[in-house]
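Engineer: Fit chain B to the supplied structure of chain A, relying on the hints for placement.
Okay, here's what each chain looks like letter by letter:
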Amino acid sequence: MTALSDTTVAIAPPTHQRLLIGDDASIAAHTWRYGPLPQVPGDLIQRMVKDAGLTGRGGAGFPTYRKVEAVAAGRDPVVVANGAEGEPASSKDRVLLRYGPHLVLDGLVLAARAVGAAETHVYVPVEAAADVHAALADRRDPITITVHVATDAFIAGEESAVVSAVNGGLPAPRDKIVRVVDQGVGGRPTLVQNVETLAHLALIVRYGPDWFRTQGTTAEPGTFLATVSGVVADPGVCEMPYGVRIGDLIDATGGATEPVQALLVGGYHGGWIPPDPDIAFSRAGLERYGATPGAGIVFVLAADECGLATTAHLLGYLAGQTAGQCGPCFNGLPRMADTFASLAELGTPPSLAGEVERLARLVTGRGACKHPDGTVRLARSGLGMFGSEIAAHRAGWCTARSGGRR
Amino acid sequence: MTDAAWYAARGAGVVSLALLTIVMVLGIGSRSGRPVFGLPRFGASLVHRNASLIAVVLIAIHVLSLLADPYAQLRLVDVIVPFDAAYRTAWVGFGTAALDLIVALVVTSLLRRRIGQRAWRAIHWLAYAAWPVAWLHGIGAGTDRSSGWYLAVAVISVIVVVAAVVWRCSDTFGTVGGRRMERRVNDAIAAAQRPPPTTYPGRTR
Chain A
22 MTALSDTTVA IAPPTHQRLL IGDDASIAAH TWRYGPLPQV PGDLIQRMVK
72 DAGLTGRGGA GFPTYRKVEA VAAGRDPVVV ANGAEGEPAS SKDRVLLRYG
122 PHLVLDGLVL AARAVGAAET HVYVPVEAAA DVHAALADRR DPITITVHVA
172 TDAFIAGEES AVVSAVNGGL PAPRDKIVRV VDQGVGGRPT LVQNVETLAH
222 LALIVRYGPD WFRTQGTTAE PGTFLATVSG VVADPGVCEM PYGVRIGDLI
272 DATGGATEPV QALLVGGYHG GWIPPDPDIA FSRAGLERYG ATPGAGIVFV
322 LAADECGLAT TAHLLGYLAG QTAGQCGPCF NGLPRMADTF ASLAELGTPP
372 SLAGEVERLA RLVTGRGACK HPDGTVRLAR SGLGMFGSEI AAHRAGWCTA
422 RSGGRR
Chain B
64 MTDAAWYAAR GAGVVSLALL TIVMVLGIGS RSGRPVFGLP RFGASLVHRN
114 ASLIAVVLIA IHVLSLLADP YAQLRLVDVI VPFDAAYRTA WVGFGTAALD
164 LIVALVVTSL LRRRIGQRAW RAIHWLAYAA WPVAWLHGIG AGTDRSSGWY
214 LAVAVISVIV VVAAVVWRCS DTFGTVGGRR MERRVNDAIA AAQRPPPTTY
264 PGRTR
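The listed protein sequences correspond, in order, to chains A and B. Just so you know, the first sequence maps onto residues 22 to 427 in the working numbering. Just so you know, the second sequence maps onto residues 64 to 268 in the working numbering.
Keep in mind the hints are simulated off the structure, nothing from the lab. Ideal placement from N, C-alpha and C gives every residue a C-beta, glycine not left out. Hints are not guaranteed to be accurate.
[Said to hold, decoys possible] Some, not all, of what chain A presents toward chain B, calculated at C-beta under 7 Å:
id: 1; residue: Leu157
id: 2; residue: Arg161
id: 3; residue: Ile164
id: 4; residue: Thr165
id: 5; residue: Ile166
id: 6; residue: Thr167
id: 7; residue: Val168
id: 8; residue: His169
id: 9; residue: Val170
id: 10; residue: Thr172
id: 11; residue: Ala174
id: 12; residue: Leu191
id: 13; residue: Ala193
id: 14; residue: Ala344
id: 15; residue: Gly345
[To be verified] What follows is a set of in silico ranges between Cβ atoms, one per label pair, in the way DEER data are often shown:
id: 16; chain 1: A; residue 1: Pro84; chain 2: B; residue 2: Thr262; range: 28 to 34 Å
id: 17; chain 1: B; residue 1: Arg181; chain 2: A; residue 2: Asp159; range: 39 to 45 Å
id: 18; chain 1: B; residue 1: Arg176; chain 2: A; residue 2: Asp159; range: 41 to 47 Å
id: 19; chain 1: B; residue 1: Gly265; chain 2: A; residue 2: Pro355; range: 43 to 49 Å
id: 20; chain 1: A; residue 1: Ala155; chain 2: B; residue 2: Trp188; range: 48 to 54 Å
id: 21; chain 1: A; residue 1: Gly386; chain 2: B; residue 2: Ile222; range: 41 to 47 Å
id: 22; chain 1: B; residue 1: Trp188; chain 2: A; residue 2: Asn188; range: 23 to 29 Å
id: 23; chain 1: B; residue 1: Thr262; chain 2: A; residue 2: Pro57; range: 20 to 26 Å
id: 24; chain 1: B; residue 1: Leu173; chain 2: A; residue 2: Asn188; range: 27 to 33 Å
Extracted from the complex, chain A is given alone in its bound form:
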């Protein structure tokens, strides 16, 4: 294996499959695939990230270079690799840390160089911590890397919650009076990046922004890791370019095993879209459905499952995941989830949909983080997508459960 790591010359850059190539996570396999860590100065890394158009892969899709530039402008900054992945429908960070931990750590080292940081942190769930420790044992990095175990909670991966956890506090989001890029870990400027974003960054610095843009669309370049679940033959993680037909994405995980009623994209904070295989999986393609690619999540809902009941179930989960810090979230989300659950029952009074909407307006924009807003997005999407079902349920009838026939 050591012989392999020395022969790093004539390896062509990867094309379609970039992050997930083979299941050997060793440093030797990593160096054989991608070559050694490139010696590129920090300001050039910044420029490459900007030219590549890299966006955050944690769900929000924020342009990475803007955070990098803001943090680089501050004194004595810190970089945090965020692999908490509290989203139950996502497992791509977990898979990436299992099969490509050195790509993530390369990205962390390069991001630290880009902003001039000497101190970095890795924040991952307990199952991924062993993979990170194993990878770090085989590396010699010029920066300090501290591994933190993340709490298994939906909001534990929110940027300010990550900072709070790394600071030794509870992984609960904080108010956004000061930005994390100004004052984060130890009150210092902090760059928090999703682990997949860092892996892409490691490849952009190796192969250049133009190479990065050979996949994806002009507006949304690059590939992303998707997690497909629900009624598909081989649920799991696959790597696809932005703009991919959603049908091709589902086929990559074996295709649907049953007639499909709807797709939940983006995650539990995402939105429902119709099962049209020609919809492009990109910000632009999903916009008209009020959805975004989020963290690359697709959940395939079978035709014989009740969309209202499924949405109510997800809302119930999200309501239980409030940090309990903000009143509108703590009080409003359980109420909204309960109302939605009543909506999913048969023979319900007609005022419930209006009540969900009223509660949605009450909680939107009133949390320290976007948990209430994301939960509202799912609720509204459910009302829109399964609107005709509401009337059917009111009349004592569920289309999905009765096989779509009268």
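Structural biologist: For chain B alone, kept in the frame of chain A given last:
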């Protein structure tokens, strides 16, 4: 005309005391994340803040009208440097000291986000010094100090503020309806045990 300044100063002074008492009681009684005196928590902090700003305006009227008043013989330096006034040196000095403290409290509160929560909180403890000093100034320096109605206002103010302090220091302050108030964070987050972090120090090749 000269009498007008005198009356304005007295009136503004008395109302300032009443306002500062309200500010004190709301400040003492408020604690983050709970209602106080039937006001929701944002209401308590809004009234606390607005009453203190109105008090500052009234104190400004109080001081400016005394500067304009020939009997008071107040020099500009007496507004800033305490215990140097010609008239009732000690009692006027308390007023000057209180003014300095209140200016410090208001300025640091307006700059709270800039100076940081910890520095602001440390300085805000000065409120417990500012109010008694202002009260002493009123009881000693004022024209109305011997009138019954003023004494009534002064005594009621003391009773209310002392009662608020006693309540704050008591065991019942931290409870609502007999239940102790605690920082409520979702159990899934608060109870979760996390192993300590592991650090890999930086090593050069």
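Engineer: All hints are to be evaluated individually against the structure, with a verdict given for each.
Structural biologist: Comparing the hints with the structure gives:
| no. | hint | in the structure |
| --- | --- | --- |
| 1 | Leu157 | holds, 5 Å |
| 2 | Arg161 | holds, 5 Å |
| 3 | Ile164 | holds, 5 Å |
| 4 | Thr165 | holds, 5 Å |
| 5 | Ile166 | holds, 5 Å |
| 6 | Thr167 | holds, 4 Å |
| 7 | Val168 | holds, 5 Å |
| 8 | His169 | holds, 5 Å |
| 9 | Val170 | holds, 5 Å |
| 10 | Thr172 | holds, 4 Å |
| 11 | Ala174 | holds, 5 Å |
| 12 | Leu191 | holds, 6 Å |
| 13 | Ala193 | holds, 6 Å |
| 14 | Ala344 | holds, 5 Å |
| 15 | Gly345 | holds, 4 Å |
| 16 | Pro84/A <-> Thr262/B: 28 to 34 Å | holds, 31 Å |
| 17 | Arg181/B <-> Asp159/A: 39 to 45 Å | holds, 43 Å |
| 18 | Arg176/B <-> Asp159/A: 41 to 47 Å | holds, 45 Å |
| 19 | Gly265/B <-> Pro355/A: 43 to 49 Å | holds, 46 Å |
| 20 | Ala155/A <-> Trp188/B: 48 to 54 Å | holds, 51 Å |
| 21 | Gly386/A <-> Ile222/B: 41 to 47 Å | holds, 43 Å |
| 22 | Trp188/B <-> Asn188/A: 23 to 29 Å | holds, 26 Å |
| 23 | Thr262/B <-> Pro57/A: 20 to 26 Å | holds, 24 Å |
| 24 | Leu173/B <-> Asn188/A: 27 to 33 Å | holds, 28 Å |
When the structure is compared with the earlier hints, no violation turns up for any of them.
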